Amino acid sequence: MQEVFAKIYEWFGLIPFYSKDMGDHLRGFDVTCTDYIATPWYSYVGWIMVVTTVLTFALQYYIVDSSRYNKAKHWWLFALGLVLLNFLIAFAIPYNDIQDGDFCNQLKLNISDCVGFGFSNALWSLILFIIISSIPIFRSRSTNCRHTTFWKP
Amino acid sequence: MARLFIFAIGGTGSRVLKSLTMLLAAGVKPNSPTEFEIVPILIDPHKSNEDLKRTARMLENYQAIAERAGSDSGFFGTRITTLDKLVTSQNRLSGSFTFNLQQVANTQFKDYIDFAQLSEPNRALADILFSGKSINKRDEEVNLLDVEMDIGFVGNPNIGSVVLNQFKDSEEFKEVASNFNADDRVFIISSIFGGTGAAGFPTILKNIRDAMNNRNIDGKGFLQNAKIGAITVLPYFNIEKDPNSPIQKSDFIAKTKAALYYYKDNVTGNNSVNALYYINDDYSGKPYKNDAGNEGQKNDAHFIEMVSALAVIDFLEMPDRDLESAGGKAVKPIYKEFGMKNDSPDFKFSDFEDSTEYKISLRLSQFALFKKFLDERLNESIEKQAWSNDAPTIDRAFLSDSFYRTNLSEFMTAFGNWLKEMSGNRRGFTPFNLNSTIDSLVVDKAVKSGWFDKKVDYAYFDDGLSKQSKGKTFPSAEQKIIKLFYDTTEEILTEKFGFKK
Amino acid sequence: MNKKPFLQIPSLFSLVVAFLIQSCVSGSYDFENFNEQALESAKNDQRVDQKEYETLMQGVTSSDDRGFRTLKNENGEIDHAKVSAYLKKLFDAKGANVALADIWQPGMGSSDATSFNVSVFLENSASMDGYVDANSTAFKAAMNDLLTNLENFPATDTLNLNYINSTIIPVKAAASEADVRSFQQNLNRTNFKTQGGRRGSSDIGEILSQILNQQQSGELSVLVSDFVFSPGGKNALRYLEGQRSQIRSEFVAARRSNPNLAVAILQGEAQFEGTYYDRNDKPHARLAADRPYYVWLIGTAAQIQSVLDAKILEQTRSGFTNKLVIQPASEVVQPPFKILYSPKIGSFDAKSLVKGVITDAQVARDDRNKGIFEFSLAVNFAKGMQDESYFLDSTNYKISDAQYSLKAKPIADRTDVSLNSFTHVLTLRTTNLKDEKLQIDVVGKVPGWVYVSSSEDDTQIETAAEEASKTFGFSYLVEGVSDAFYPRSQANPLYTIPLTIKK
Chain S
1 MQEVFAKIYE
11 WFGLIPFYSK
21 DMGDHLRGFD
31 VTCTDYIATP
41 WYSYVGWIMV
51 VTTVLTFALQ
61 YYIVDSSRYN
71 KAKHWWLFAL
81 GLVLLNFLIA
91 FAIPYNDIQD
101 GDFCNQLKLN
111 ISDCVGFGFS
121 NALWSLILFI
131 IISSIPIFRS
141 RSTNCRHTTF
151 WKP
Chain W
1 MARLFIFAIG
11 GTGSRVLKSL
21 TMLLAAGVKP
31 NSPTEFEIVP
41 ILIDPHKSNE
51 DLKRTARMLE
61 NYQAIAERAG
71 SDSGFFGTRI
81 TTLDKLVTSQ
91 NRLSGSFTFN
101 LQQVANTQFK
111 DYIDFAQLSE
121 PNRALADILF
131 SGKSINKRDE
141 EVNLLDVEMD
151 IGFVGNPNIG
161 SVVLNQFKDS
171 EEFKEVASNF
181 NADDRVFIIS
191 SIFGGTGAAG
201 FPTILKNIRD
211 AMNNRNIDGK
221 GFLQNAKIGA
231 ITVLPYFNIE
241 KDPNSPIQKS
251 DFIAKTKAAL
261 YYYKDNVTGN
271 NSVNALYYIN
281 DDYSGKPYKN
291 DAGNEGQKND
301 AHFIEMVSAL
311 AVIDFLEMPD
321 RDLESAGGKA
331 VKPIYKEFGM
341 KNDSPDFKFS
351 DFEDSTEYKI
361 SLRLSQFALF
371 KKFLDERLNE
381 SIEKQAWSND
391 APTIDRAFLS
401 DSFYRTNLSE
411 FMTAFGNWLK
421 EMSGNRRGFT
431 PFNLNSTIDS
441 LVVDKAVKSG
451 WFDKKVDYAY
461 FDDGLSKQSK
471 GKTFPSAEQK
481 IIKLFYDTTE
491 EILTEKFGFK
501 K
Chain R
1 MNKKPFLQIP
11 SLFSLVVAFL
21 IQSCVSGSYD
31 FENFNEQALE
41 SAKNDQRVDQ
51 KEYETLMQGV
61 TSSDDRGFRT
71 LKNENGEIDH
81 AKVSAYLKKL
91 FDAKGANVAL
101 ADIWQPGMGS
111 SDATSFNVSV
121 FLENSASMDG
131 YVDANSTAFK
141 AAMNDLLTNL
151 ENFPATDTLN
161 LNYINSTIIP
171 VKAAASEADV
181 RSFQQNLNRT
191 NFKTQGGRRG
201 SSDIGEILSQ
211 ILNQQQSGEL
221 SVLVSDFVFS
231 PGGKNALRYL
241 EGQRSQIRSE
251 FVAARRSNPN
261 LAVAILQGEA
271 QFEGTYYDRN
281 DKPHARLAAD
291 RPYYVWLIGT
301 AAQIQSVLDA
311 KILEQTRSGF
321 TNKLVIQPAS
331 EVVQPPFKIL
341 YSPKIGSFDA
351 KSLVKGVITD
361 AQVARDDRNK
371 GIFEFSLAVN
381 FAKGMQDESY
391 FLDSTNYKIS
401 DAQYSLKAKP
411 IADRTDVSLN
421 SFTHVLTLRT
431 TNLKDEKLQI
441 DVVGKVPGWV
451 YVSSSEDDTQ
461 IETAAEEASK
471 TFGFSYLVEG
481 VSDAFYPRSQ
491 ANPLYTIPLT
501 IKK
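From first to last, the protein sequence lines stand for chains S, W and R. At position 143 of the first sequence the residue is numbered 143 (the numbering used here), and the sequence of numbers has no breaks. At position 36 of the second sequence the residue is numbered 36 (the numbering used here), and the sequence of numbers has no breaks. At position 85 of the third sequence the residue is numbered 85 (the numbering used here), and the sequence of numbers has no breaks.
A couple of the hints might just be wrong.
Partial selection, computed: residues in chain W whose CB lies under 8 angstroms from chain S [said to hold, decoys possible]:
id: 1; residue: Gln385
id: 2; residue: Asn389
id: 3; residue: Ala459
id: 4; residue: Asp462
id: 5; residue: Lys467
id: 6; residue: Lys470
id: 7; residue: Thr494
Because the hints were derived from the structure by calculation, they are not lab data. All figures in this text were calculated on a predicted structure; none of them were measured in a lab. We treat Cβ as the ideally placed atom computed from N, Cα and C, and that holds for glycine.
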């Protein structure tokens with residue numbers, strides 16, 4: 001799963017939002033620069049992203065499930081919250097590692113890499129949210145939001 | 001399906017029929033194992049009478065809505081059919097609810113009875129029978145024999161009875177007779193104090209019971225022993241004092257007395273009716289404008305008319321065994337009156353006796369809620385809320401279709417006006433705060449409120465609609481909108497307003 | 001690191017979520033638990049005791065976490081050397097001040113090196129008088145420390161003291177502490193003379209022959225001498241070549257009976273005051289200079305390793321300036337290494353570095369380094385018995401692809417966590433990058449310092465530059481030994497670092 005998330009976050013190598021070094025740090029390259037045995041952040045952040053997206057989906061479609069908040073603009077509000085949260089998570093994790101010196105010093109990491117990873121994570125959470133909410137079966141059991149998607153109503 | 005043929009005579013007849021239509025539209029149903037199809041026949045010589053026109057138009061809308069909404073949709077659940085729809089033969093009547101009185105338009109009474117051709121003695125007799133003054137279209141005083149008949153019988157039952165006697169030979173009556181089955185029933189609505197009704201009721205009743213002697217018609221046997229109900233509306237409103245008008249309040253009382261005396265022999269005395277309802281109110285309220293009826297007789301709806309309509313429902317709830325007839329006579333005639341729990345110049349639901357309240361309050365509230373939503377919320381919710389987007393969709397195209405734009409909208413407007421008129425009248429009937437928010441719509445029903453209770457507003461309403469719509473399939477958008485709102489309003493009112501199902 | 005971490009709350013939140021996920025997914029002991037537990041163990045007492053260590057190992061054994069692979073060998077068994085090395089790195093990275101010796105290890109405390117006899121041979125020919133006669137006590141002090149350390153060395157079973165010149169002159173077998181003291185008090189010309197033997201000249205080949213011949217199996221011989229050949233007026237070069245050949249034969253023979261045989265040669269320096277005899281046996285009276293002398297250890301590789309590890313020689317007062325170890329290649333412990341992710345020129349993927357594989361290698365594209373591919377290895381030669389400097393000399397390396405050049409440098413920065421536990425950085429550079437198996441060998445040969453310290457003409461010892469600090473014919477001597485171990489016709493790889501380069 002780690003490598004799956006890594007590929008996803010690195011956009012299959014097509015659009016790098018951050019350096020390869022950051023990629024290695026997130027794969028769990030340890031502080032002694034020996035092997036990928038430190039915290040596998042890709043997996044953690046990936047799963048957090050998936051879980052928060054599913055929770056946000058559940059929140060709008062099944063917990064709040066209100067006739068007041070079922071328009072496309074509300075979808076975008078929930079998406080905004082989700083995206084910000086995921087940006088912060090993905091930004092803060094490597095940023096804290098950098099501040100604490102908790103990374104292999106052979107890797108060149110800087111703040112723009114943290115921003116890049118945050119951005120990548122935020123974008124994927126948005127994409128996942130779009131996908132989940134675009135598949136009718138997932139929202140079919142919602143009372144008020146079963147027709148709510150990012151483009152309508 | 002059994003049928004109920006309703007003969008609604010005169011202005012009062014058509015107004016009671018209108019109230020009945022409103023009740024049926026709201027989903028009020030007789031608590032009876034038999035389903036009845038209503039076949040109304042409006043009898044009024046005065047074709048330009050606004051009440052008549054409004055009623056006819058409303059019935060058309062009702063019919064169009066009921067046809068497409070189906071009979072299981074709650075609102076509009078009882079079928080109302082025009083007489084012509086029953087006929088399969090080629091010589092169909094024109095599709096309307098009105099009975100065509102012939103040779104009445106632009107005719108003076110003396111021409112109608114061929115006064116000029118009468119022999120001298122007969123002419124003298126006619127002079128005696130039809131002495132007195134009345135009024136013409138231009139409010140000029142004329143002799144009775146010179147009355148123009150197309151404004152009705154303007155409080156002259158003696159003229160009405162002569163004219164209405166042609167009913168027995170009419171195509172309409174023939175159609176009724178040939179379509180009349182053993183299970184079918186007849187109900188006659190009339191006022192006792194006017195011209196047309198007072199004259200028409202005994203005339204029509206007599207013609208039905210005497211069907212055996214009528215050589216022109218088929219199905220005589222069923223007709224002779226038909227289960228006949230009738231309501232006689234006694235004076236219930238004031239009219240403005242107008243010394244020039246042929247219609248006078250004091251005349252009402254006198255004419256009522258005379259008519260009742262006549263009924264004693266010809267209606268009640270001979271057991272012609274199986275169930276007879278009397279309704280009156282001696283409350284001296286807001287006087288009606290004194291208008292004989294050319295452009296006039298467009299009177300506001302009145303509480304009494306709605307109660308009168310309830311008589312029809314009550315009649316339908318009676319079992320067949322209580323309405324048996326033999327040889328053209330009711331075996332066990334029933335006479336009924338109507339009472340309220342409380343007296344008030346302005347009634348609420350709680351002023352009814354419990355059984356009546358139970359019968360109508362929920363359904364009328366549902367329908368009022370439906371109307372409020374259509375007026376105030378539909379535009380905002382449509383194509384936005386889940387219930388609207390569920391197939392079949394209720395979208396903007398649906399709104400511009402004639403079903404919604406013409407039939408339903410017009411009917412709901414009429415319903416709103418009906419409520420408003422009843423509320424504005426004295427006696428008044430004001431069960432709803434039509435201009436308030438929906439949580440205080442029903443006057444004497446407070447919405448349950450508490451920490452964990454959701455506020456009853458349109459968002460709650462939409463939520464309820466979407467819950468009802470979830471997982472259901474509807475054959476058409478028309479059926480969906482009617483059924484969905486019926487179920488949802490019932491749910492909201494029972495859950496939140498404390499109504500009992 | 002004083003900067004405040006950004007957004008503690010989200011990070012805390014994410015950690016909680018991560019923890020939840022983790023516990024949901026695996027629920028078992030993983031590498032992070034291991035790290036935390038290890039740090040917890042060391043927190044209060046700066047050490048990991050047996051109980052704590054065993055608790056940690058239980059976790060490692062019970063878990064199938066991928067991360068623990070690095071602590072295990074190919075058979076999936078725990079490699080305790082790797083564990084302690086990792087723990088040391090971890091503690092350093094986390095600022096826990098724990099010495100490697102404070103991490104308990106199986107077999108620790110009860111020395112598993114079997115004890116052995118040590119025989120010390122001090123050459124007492126006349127050429128040695130200058131060291132013991134000097135006003136400076138440097139030589140005597142060095143001898144004192146050496147003998148005392150050997151006496152106290154736990155692996156020393158019995159310590160035998162001898163003089164040696166033309167014959168072996170036993171002084172004391174199974175010497176006690178008092179014997180050691182008395183031996184070193186008698187280090188003077190007078191006593192040397194009274195001990196007998198032929199002190200006139202030194203036949204080094206003969207001395208070595210005597211030692212090798214009398215050496216019992218399982219015995220470590222320690223030979224102290226100035227190792228100055230005495231050609232006695234003969235053709236010096238031919239004499240030296242003859243000696244080299246003889247010494248080679250002696251060691252070839254000795255290795256035949258003892259395949260584990262190894263030799264360590266340490267060069268010390270001490271004040272010399274007295275008569276120096278040059279290659280023509282011409283005396284140079286009153287030479288006063290710092291002169292080299294040598295301590296040879298002849299025994300098994302394991303014995304020499306244990307003596308060197310115990311720093312018996314380093315911990316003498318004046319110490320030793322140079323060292324070389326000649327050992328059979330089969331006895332060598334391969335050094336741990338890792339490919340560094342940076343510095344580098346060009347690029348490669350980090351994913352397989354731990355397996356010694358460079359993947360996705362690409363040469364640099366920028367103008368300055370166009371076409372160059374360069375990477376570095378950190379290697380731990382600490383277990384190698386050679387001098388640190390031996391590994392700095394690129395001529396001591398042989399690379400399977402001659403297109404690669406190699407530079408070696410010592411790791412000076414002890415605070416760099418990623419280089420902790422490594423001693424050298426090797427930098428490899430090529431302009432011809434291709435897929436290949438790249439093998440770097442450290443070959444056995446005579447180190448450069450031997451040639452620097454060696455002279456072929458000592459007749460001008462007082463005046464010739466640096467001559468006093470050189471030893472006549474020393475390179476021939478060492479070459480003789482070296483040739484016995486590392487035949488000149490062969491490559492003689494001692495250490496091998498296998499790498500794979502993939503483009």
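Structure-based check of each hint:
{"no.": "1", "hint": "Gln385", "result": "6 angstroms, holds"}
{"no.": "2", "hint": "Asn389", "result": "4 angstroms, holds"}
{"no.": "3", "hint": "Ala459", "result": "5 angstroms, holds"}
{"no.": "4", "hint": "Asp462", "result": "4 angstroms, holds"}
{"no.": "5", "hint": "Lys467", "result": "5 angstroms, holds"}
{"no.": "6", "hint": "Lys470", "result": "6 angstroms, holds"}
{"no.": "7", "hint": "Thr494", "result": "19 angstroms, violated"}
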